[in-house]
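J.: Using the sequences and the accompanying hints, generate a full structural model.
Chains A and B, in that order, give the protein sequences.
In terms of my numbering, the first sequence opens at residue 98 and continues consecutively.
In terms of my numbering, the second sequence opens at residue -13 and continues consecutively.
Hints are all accurate, no fakes.
Below, a list of computed lysine to any residue pairs in the SDA-like style, where the Cα atoms sit at most 20 Å apart: (1) B:K23 / A:D336; (2) A:K206 / B:Y209; (3) A:K130 / B:F110; (4) B:K23 / A:E341; (5) B:K23 / A:V335; (6) A:K313 / A:P352; (7) B:K77 / B:P88; (8) A:K130 / B:R164; (9) A:K130 / B:Q279.
Treat the hints as calculated values from the structure; they're not laboratory data.
Note that the coordinates shown come from a computational prediction; the quantities given were computed from them, not determined experimentally.
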Amino acid sequence: MPAHLARNPNDPLEPETLDPAVLHDDTAFASGKIAFFQYVSVAVFLFLISGFWKLQVQNNELYTEAAERNRIKSTPILAARGKILDREGRTIVDNHSSFSVYLSRENLKEEHLAAIAAGLNLDYEEVQARLHRFRSRPKYQAIVIKEELTPAEIAFVQSHRDPDTFPELELVHVQHRLYPRDNLLSHVIGYVGEVTEAELDLADFAKYNQGDVIGKAGIERQYNDLLMGVDGQRQVVVDNKGNEREVIGYKDADPGRSLQLTVDLDLQIVAELALEGRRGSVVAMDPRNGEVLAMVSRPSFDPNKFAGRIRQKDWDEIMNNVEKPMLNRAIQSNFAPGSTFKPLVALAALENGVIDENTTFTCTGGMSFFGHYHSCHNKRGHGRVNLHQALAQSCDVYFYNVGNKLGIDKLAQLGEIAGLGKETGIDLPFEYRGVLPSSRWKARTLRQQWFPGDTISVSIGQGYLAMTPLQLAVMTGGIAAGGVWQRPHMVKDPNRIEPRKSNVNIDNINQVVYGMYGVVNQGGTGGAARIPGVEVCGKTGTAQLASNALLKSSARLAAELRDNAWFVGFAPRVNPEIVVAVLFEAGGHGGDAAPIARDVIKAHFDKKNRNVNRLPTLALAPHASKGFAN
Amino acid sequence: MASYRSIKDFDWGLLLIALLICSIGILQIFSAGQGTKWKDLWWKQMIFLCVGLVLMWIISSIDYHTLLGQVPILYGATIVILIGTALFGVKIFDSRRWIALPGGFLFQISEFAKLVIVLLVARFLTELRSETMHWKDLLKLCGLVMIPMVMVMKQPDLGTSMTYMPILVMGVILAGLRWQYIVVIAALALVLIPSSWFLLKDYQKGRIQTFWDPSRDPKGEGYQVIQSKIAIGNGGMWGRGVTKGTQTRYQFLPVPHTDFVFAAFAEEHGFVGVVFVLGLYFLLFMQIVQNAQTAPDRGGMYICMCICATLLFHLLVNVGMVVGRMPVTGIPLPLMSNGGSGMLSVFLMRGLVNNVRLRRFVN
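T.: What follows is the structure in structure tokens.
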């Protein structure tokens, strides 16, 4: 050591001590420089202290926050979504427990990724791509890399998430959505999914956080806030290795509320089965209060595929399907209703005194209006028909005349009261509004004058007129209920808005209803809807998608653009309890849609009468092998 | 041996300030070590403090003129030990800076070399007996300082080797440089410093790059600086309290007992504590400067001023580093950082300053 080395008197080459006299010289020459050094010292201290001032006093909060973020780790406790029940409390949508693995990116080591991907049976590049997509998000947010872990994968995570192996792994318990099998009620229920980046930029979605699972369609979307619940949180203090030191906060998840639908599963199942293999829609509603009892759209999709993160293959398959299975045709199709519109035309004409029950017109199989020949569906003609006969036989010529005399705007006036041309206001997202033509509508939309000839087509439910099956059910239900049009709804809710009442003369309604009774029960076009013991009333419709001339020109087009078959029916005739609208796309003739409505109406009365023939019920219990996607 | 006038001449003020800073340092090492593998370091530091006090007393009692007279031997021995370290040293973290001593102690010669260089510079400049330096003398002195400096740099220990620089610079400035030389040196520095970039090792380049932009590598080089700044900022005006600093306690702050001890202190005691301790350091330096001003001869003055310069450099670089105003270098904070050799060398310097003070009335 220097102190020891300093005392080495044995070296002969060096004098032990330098002559103090030599050294003792003037130091004054340096005094200015020493003073200068003092100023330099002051400057150094001020430089350092200003650094502390900036960090500790000016930006204290910023760094305190950073220190908090450093040491406090929050793991979400995910709230289970509320169940969705039918009107009798039977479970339609449930949850099941599963584990997801999250990747914490704060202490992520890139070189671990390959091993983690292998252990979790993931594609390494996919994991990398996902990390890349999330790179702009705050680092302290962990990201899901796999859901629905198998027991083996759970074991892998648990055995490798220690600080020395893969501390970036986090196991989170989640409640996963479990939808019914066989696509039951899929369009109504919709599905859930992770909120997307694009959605987060929208004002409506601002309340959600990155990674939240929210309703994307149907009831899941409409009632998301109610169903979603509030995630809980577990806050722990961690050290720099990610070891938990103490738990400083625990807030349990607040599960979402269950939601009871107005849907009757028994009816729903009957409707689903009746439409199986076809393209179209069935809506059953209680006309007294607007409760939707069944709503079917075909083709359908499996919402379980969306319950987690949907696989690209499944997504492409659904999105590229020309039949558009995601479309809820009950509220998202705009088609001409054909003759199912005639009851409204008849009612409008009666109300406006254009006709009465004894007014007759002669049908010779067609008639010319304003230089155009309009044929009746019965080429031989119906002969001389009154209102009752015209409705029962669906005579087009009769209604051409009625419409011509009535005029479009008086028709549109009642149509508006009946809820056409605008959303019904059902509690489902993305409802179509349809088209209720009027002279004002044409001027506004097409910037053209309304020609009296336009009215002729509309009188038989063709032309510009378009509506959804739900609108048809609401329109007809309102007539059946004596001129009270209810707002349709899916969720049992006492706070629904007031129905639209009108001062329709009940005698006029009875005339129309009598005609619809004739359709089914008196040799009319809808005889297939007849149910012994139940007074079913209804109306068939056969709506052309293209002109006769065009259809004749090409056999292929004729097949593709086959007429849509419609049927709308209600029962019983007095104080109706159920109205059913059926759209059978490319179904040919409206008479072919009638049996579907009959099945649903029959199911309703069978159930009501506690018939011996119990309806089949589908198993809705969780079914791991087929029930959900992973 | 005891050639000083009286016990009253001993620089009690300087000793008091040094002991105060040391106590704060030991307290901080104690606090930062709670619940970690460093929990016993504080009493080791106490032992070094005691040894340091003894060494200080010993070196105070040997007339510094005697020490100046032994410079060639001291210098030669230092070079020999440096060579020995390079050949037989203990390798820790890829650098060979220590020689293992019996009892499990590691002896770091580069720390004590500071003292030898102080004596070397003082002796060399004293013998010039002129008010300005000739360029040949300048080159000779630079050469003498550069030999141990380069050897330490090659250990590699850039930080410690850099602490020799202020000794040389301070000595040369005091000895008197012609302004022409200053211009030449400045011009050379302008050329050499950028080109020396290519001589730096990758980790050294990384440190400098990270200094300019800590977020460049928040988990690697920048991590230490970011965590240190968070710790300091977290302290606020009054501090988090002893053992309550979360950055320190949960080990986000790297090496809170050595290089980053002042960040740990700043987190627990806040801006007020920082100003207090920096004030103590300032008093310490001014006390040393005062000793230089009252030194009986040039040799004594050079010794005091060179020691003051290197200590100020330590403080600037270390505290500047923890506060994010200097690049990360492994330079400890004198009197506070844990480390035996550093502690002893600082007390030896203190002893030398005291030595000069005791002989101020010699005629």
